[in-house]
Each structure stands twice: as structure tokens, then as C-alpha cells.
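Colleague: Below are the chains, spelled out letter by letter.
There are 2 protein chains.
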Amino acid sequence: MASKLDASIESYIAQHQTRLLDELKQYLSIPSVSTLPVHKPDITRASEFVAGKLRDAGLREVRLISTKGHPLVYAEWLGAPGKPTVLCYGHYDVQPPDPLNEWITPPFDPTVRGENIYARGAADDKGQMYVHIKAAEALLALHGRLPVNVKFLIEGEEEIGGESIDHYVKDHADELACDVALVSDTHMFAPGLPTLCVGLRGLVYTELFATGARVDLHSGLYGGAAPNPLLGLSQIIAQLINADAKVQIPGFYEDVQPPSAEEMQSWTRLPFSEEQFLKEEVGASLLVGDARYSVLERLWARPTLEVHGITGGFQGEGAKTVIPARASAKISMRLVPKQDPEKILAAFKKEVARLTPPGLCVEVKVHSFGEPILMEPSHPYVAAAADALTEVFGKQTVFTRGGGSIPIVARMQQSLGVPVVLMGLGLPDDRLHSPNEKFHLPNFYNGIRAVARFWEKLSG
Amino acid sequence: MASKLDASIESYIAQHQTRLLDELKQYLSIPSVSTLPVHKPDITRASEFVAGKLRDAGLREVRLISTKGHPLVYAEWLGAPGKPTVLCYGHYDVQPPDPLNEWITPPFDPTVRGENIYARGAADDKGQMYVHIKAAEALLALHGRLPVNVKFLIEGEEEIGGESIDHYVKDHADELACDVALVSDTHMFAPGLPTLCVGLRGLVYTELFATGARVDLHSGLYGGAAPNPLLGLSQIIAQLINADAKVQIPGFYEDVQPPSAEEMQSWTRLPFSEEQFLKEEVGASLLVGDARYSVLERLWARPTLEVHGITGGFQGEGAKTVIPARASAKISMRLVPKQDPEKILAAFKKEVARLTPPGLCVEVKVHSFGEPILMEPSHPYVAAAADALTEVFGKQTVFTRGGGSIPIVARMQQSLGVPVVLMGLGLPDDRLHSPNEKFHLPNFYNGIRAVARFWEKLSG
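Sequence lines, in order, name chains A and B. Mapping of the first sequence onto this note's numbering: position 144 corresponds to residue 155, and the numbering continues sequentially without gaps. Mapping of the second sequence onto this note's numbering: position 213 corresponds to residue 224, and the numbering continues sequentially without gaps.
A few of these clues could be false.
Heads up, the list lumps identical chains together, so a pair's fine if it works in one copy or across two of them.
Each computed DSS-like pair below joins lysine-lysine, with the alpha-carbon atoms no more than 27 Å apart [as the list claims (entries may be wrong)]:
(1) Lys360 <-> Lys94
(2) Lys257 <-> Lys361
(3) Lys181 <-> Lys331
(4) Lys468 <-> Lys257
Note that these hints are calculated values from the structure, not bench results.
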């Protein structure tokens, strides 16, 4: 059921299709690699390009915000009093393009092959975030106004940790006040399948530093009496999680909130094969985890405990009969809604202390810390985004979650107190961070349609 | 009760004391560092020096034996038909002297300070093995004969694994046939306390290689379903040995033979303080291990299982949310008399296979493999050595064991089927392998007396 707005957006896109693609190519040709100092001028160019396009689109108060790192780009259009305010987030920085020799066409020479455009940053995130700007441009060009108030906050450090925007959002919550945030930096579950990611797991990432003797000791001379930190860490780890992948920390599962019936129902519609996942993605002999839950539930809605690295003793080839004086283990827990990272960390520390074998001293360092996130599919703004996607893609929108964390999403939810709509327009095979990254061009144009439709629906 | 032989040895030593020291200095000034190719000419010089001194002492059939590595030195005196044959072992190679700036006097400029001579190799093993040559020299000079038959086999690769001598002994058991082997390459338990080391633990050193997924995976996207090799190795290790340091491998302790009453009684006479050992040597908060056994029993007469290194996942600073595709753990077991390394390895492998969590593949590689060794203190040759030491040092000889392995000792015992007398003349603070290595000169001269006395006693 196409509305009047839809029809005009259609003609706008049809009329401007070539220019839109040319602009995207121009944007993608800027090698704004945030981690390499040599690309600092490109970072500046990319931020100015984005600011310029926001200005051209008709946004107001467009400005670059200096940070300790790369600049943020801010813009707003607040001409819809009484209507909701949407904060659009994206990032203009990209990953390094190495290895260069694996690219079919150069990473910063954007090239269309078939229905895709190939370039570093095509999907992550230049192509996707540009959709928001072009939706605003189209609506302002067609109607001289937007159906809702809109703020843009675009960063240039997403690929290097996003520290500046994290501080900025935390410190400028009033200025960024809004009703909902919009992020297009994820992907659709399958080609053509409109997807809203409504949940992200939280994370408590720790490192255990175990110390035994004063110095490394010879296992022949001291074995049988000297404490062994590697053995102690193994014993701690093995008692933190049992053979059935059940975390043994007291109270660990206490606050876990199972997904709603609506979400669970949505997952059954997903084209997901556990066998294919095992064979094509994991490549192990079998999948592990708590068999009472489906694989998708385990990945998205169940907390985990993982060991990411153990370091200690002799790591070269061959044999050395050393009892190391110290060893360390990186251990994280993925958390799901309603688990509280603070509470989990406290329980973890208490249990590690309880499990620490005599003779060893174990210190727990916290590397990172993130809340789990859930936007209820029934929330009116989430439902509006789902409806918009359904209309544009012609298929019922599915609700997924992500097993990982997106720190800026947690930050916006926490500091601004708003739901974050993760309207992913990428595809699973977009090769983010790898050679031959691409963006599916139909998703570029459909994205513009969907964002415009979303805003219209928010307007009520 | 000094015998006639003792008296003549005394006067020989008194008469030749300065020359003996000068010769030792000459020997110690050769930088025969076996691991550094630049010292190859010094290795040659050291081997020729030893051969020359054996010839000068009156030994026969003196020759250098070429190997793939550094030459062996062989000599013999077989003029005592009907008497036992002693095989004297030692090594002329030394450890590198680094760090050079920590030496008070240069490592290859042997210097006497107080009662000690300081140089690299002073105690390990040039000073100690030279004692055997000088004992032969003295007796041959005094009497024109030795009380027993003697063979010398001296190597130049002890500090780099001793591969050549291992092959040689294995392949030339007939040529090296003897009744007892004599090694002076260990130390006395305390200054002035004559010590025979009668036992050495065996070793099975393995490495477990665990594989899960095909490639490293992101713990956000795969955590909860992908197998984690680091977690699996921790679980295996924690089940191989329990919190009370008891190894859980079925049958592990089955063949353990407790020390004899005589040995145990000897250990109670040792000046050993568990508290001092903890504070000064280990430096941990407490000693661990099976509390039903004393610390010396745990170090010398009880088998252990240790983890020497775990490698896998992210080992840099900070956090990376990786589920590693593979990880490895170096695990060894120290074995005591009557444990059979083959049998233990088989039980270990079986248990590792049983404990391997689903989804992981674990391969066991064997790095090294050595039999435990025990010379019964009541064995007549061992008793003869103990009596000789007691007479020379004026204190009752104590029987100790070593928690580590000395591969050549195992090789001689195994291939030649003889007991190995470990007549250590070093002291605990000789700083082997460290700057300012020293040898206590009274032990040099007493060693000559003790070896001569030992041979005389063997003669019956």
C-alpha cells in the first residue's frame, strides 16, 4: 500500500539515481583509514565530505566537532515541533584495506560489478550511513520539511574503539536529546529479508593474573611443592564452566530474561540451518553449548563464558621443564537482558577468589564492560521501523539479535535513555574488514525508501 | 682410619697442589661453550686438553671420537684383571657466560678468591670431572697401577642435550662394558656434608594440541556454539590432577615404590627446613602438594604432573574477543621408581582421550621420555662410595635424590645395566649456569682423595 510520500520518493530516487551513486563513489574513494596516521588528511576530507553533504541536503547547524582523535560531524533539523526526534548515527572511518593483492579492483577505486559496489567501507559503514543523509535530502527536497526532528552524529573512530564519541554522548546528553536512535551498521539475516536487530549481548571482559613462586622454577627441583599458576588457572577455569557449558558462578543465570514469544516466533522464520552453520562457518566436528537451547538462542539469548587467551610458561617449540612464576588468562562473559554486568563481575570475582588454589595469588583486571541491550519488538518505534522495512522489501521483517556488543549502541541507550533501531542494510557476505568488501546497491536505494518511510511512520 | 694408600695420596696432593690448581686454571680458561659455533675451536682445544691429561696420567687407548657434534674423549686402564671396571663420565663443555657484566672476574680468567675458584665451568663440570683424572694420575704415579679397571668417556655436548654420547653409549655397550659408572656432576646437600644422589625422577614430557573450529572465531558471533580449545585444555588439565595435587590418571600411582627405610632415615639427617625452602627458594605464599608426604619426599620420591606452558588465543595486552581455533599445552609427568614411562604415557593418552570435550580434537605429542632411576644405598658399590666419602669428609654420607632427570645417567643404567654413582662435589651455591660460577677448592682435593678411596674399596 504505497502512500503519497512513497510515490514522490520513488520518482526522486529514479531521477537522481546516477548522481546518488556518483556521490557514494566519491565518498568511498576517500581512504579514511582511522588507524593509520598517514591517512589523517583523508579522515579530514571524509568528515568534510559528510558535513558538506549534510549541508547540501538541507540539514542545519552542521559542524565538525574536534576531539582528541578524529572529528565528529553533527547536524540537525528540528522543524517538526511535537514530533519525535531521531538521532542518526554512523561512521565515516574504515578499516585498513590489506591485503591489497587480494582485491579484484582497488579498495579506494569504487567499482560496480553486477548489483554491488566494491570498495573498502562500502557496507561498513559509508554506504549504510549515507542512506540516512540521502533520505533526509530527498524528503527536504520534495517537501521542504522532514516528518520528524532529526539529529546526525557521525564519528571517525568506530574502527579504533570509538572513544571520542563515547565521551561526547556521555557528556552531551542534553544536546543529543532524542526519542529514538537510528543505526545502519549491521546486516540483514539473508538477502532480501528485512531485518531488525533488537538485542545485543553485553560483555564483561576480564584477565586473571596468577602468581605463584618468586621466579620461574625447574620442575625437576621444585615439582611437587611449588604452586603452578598455569595449573591453578586451568583448575579455576574448569570450575567456572562445566562440561555441559553451564556457567557455575553462583547466581549467574538468576536474572536472565528469556526472549519474548514474539521474538522466538520470529526466529523460527529465519533461514538458518544448524548443520550449515556448523559446516560452513564453524568447521568443527560438532557444535557445543547447552543443548536445551537452539543454536540461535545460545548465540543471541544465552550468556556464555569464554577463554580468549592463556599466556604463561614456555611457549616456544619443544620442551622446557619450567614451573612458571606467573600466568594469565583472558576470560569474558557475554551477558543477556536483564543480567547486570556489575553484579556478574562481583559474583565472578568472588568465585575466582573462592576457587583460587592455595599458594597462588590471582588478581582480576577488567578490560571492558558493556550492558546487554534489548529493544522490545513491540515497542512502537521498533514496530514502526519493522513496518517500514516490511513495506519496502515486501517481506515480513524478522527480529534478530547480535551475540556481540556495539559499544555506541549501549552508550546511546544508556546515556540518552532511548531505544536504538538497528536497521541493518548490509548482507552476510559483504566481507567487512576483508578484501573485496561490497555493498548491495538495491539495499542502498531501498534503504533510502525505508528510512523515509520509518520517519513518516514515527510522525504518526 | 687412614690406610697406607691414603697416606701416599696425601703426600702426592701436598706435593703437587700448585700444579694441580694451575692445570685446572688452564682447563677453565678454555671457553668451550658448546652451544656457540664461534667456540668450535675452543671445544676442540678442550677435548684435546682432556685427552692430553688422560695420556699424561698414564691412561691408555686415549682417543677423540668424532661425532655429528662435538668429539667424545675416551681412555682406559684395564690392568686389574678380576677387579671391577669403573666407567668415569664427565663433560668438558660449558654454558655461555652471559651476562658478562655481572662477573666479578672474567668467566674465562679463572681466579681464586678465598677457598673458591671462580670461572664458567668451575663446578659444571670441568672442576668435578678433572678430579677423576687426577685420582687416576695420583694412583698410577704412586703405585704404577690402579686398584680397579677404569674407562673414561667424556663428552662435549652436555649443555646442549648430549645427543652424541647418548647414541654412542647405546651403540657401544660392549666396548663400554663395566660394573659401575662414576659421575661427579651434582652437588653436596650442604657444605661439608658428603652426599650421594641415589635416585632421579623419570620424565614423560608431552604436548597437547587441541583443535576446535576451522579458524579463529568472534566470541560474540559464535560464543555459545563453537568449541573452545583453551577451555577444553583447561578442563582436561583440571581433571588430570585434583586440587590436592593427586594425579587422577587411572593406575598412575600403582607401581610407585616408596623409598627404603634406610633412605628415609638418611633424609631425616639432612639440614633441610621446609620454611626456609619456601621463603628463600620458592618465594610463594605456601608450598603445595600431597600433604601426606614431606616436602623432600614430594620432590624426590613422588610423581608429579605439571603444566609448563599453555599457548593459544590472544596473548597481547588488552582484550580480543576471539575463540581460538587451536591451542596447546605442554604437560609433563615426573616419574619415580618403578613407574614405567611407556605404561604411564599410555594411561595418560587414554585419559586425555576420555577427557577430551566433544567438538575438540586433541593430539598428544611426546617431547621426551626418561626412566626413573634408583641406586639402592645398600648396593655394595654405592655403599663403597658412601664409605669413601664418609672417610674423607669425616661425616656420615647422606643419600639424596634429584627431582630432575640426567639423561646420560639413565642411558648408562639402561644400556650398560650398571649402577651409577653420583658423587657430587659441587655445593648448592656454586651458581651453575649463572655469573660467578665457582668450585670449592677443598672439594677438588677431597674429591681426588675420595675417588681414590672409592676405587680402592671397590677393589675389595
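Colleague: Taking the hints in turn, state whether each one holds.
Modeller: Hint-by-hint comparison with the structure:
{"no.": "1", "hint": "Lys360 <-> Lys94", "verdict": "neither (46 Å within a copy, 69 Å between copies)"}
{"no.": "2", "hint": "Lys257 <-> Lys361", "verdict": "both (18 Å within a copy, 26 Å between copies)"}
{"no.": "3", "hint": "Lys181 <-> Lys331", "verdict": "between (50 Å within a copy, 24 Å between copies)"}
{"no.": "4", "hint": "Lys468 <-> Lys257", "verdict": "neither (43 Å within a copy, 68 Å between copies)"}
Violated hints, in rising order: 1, 4; the structure is consistent with all others.
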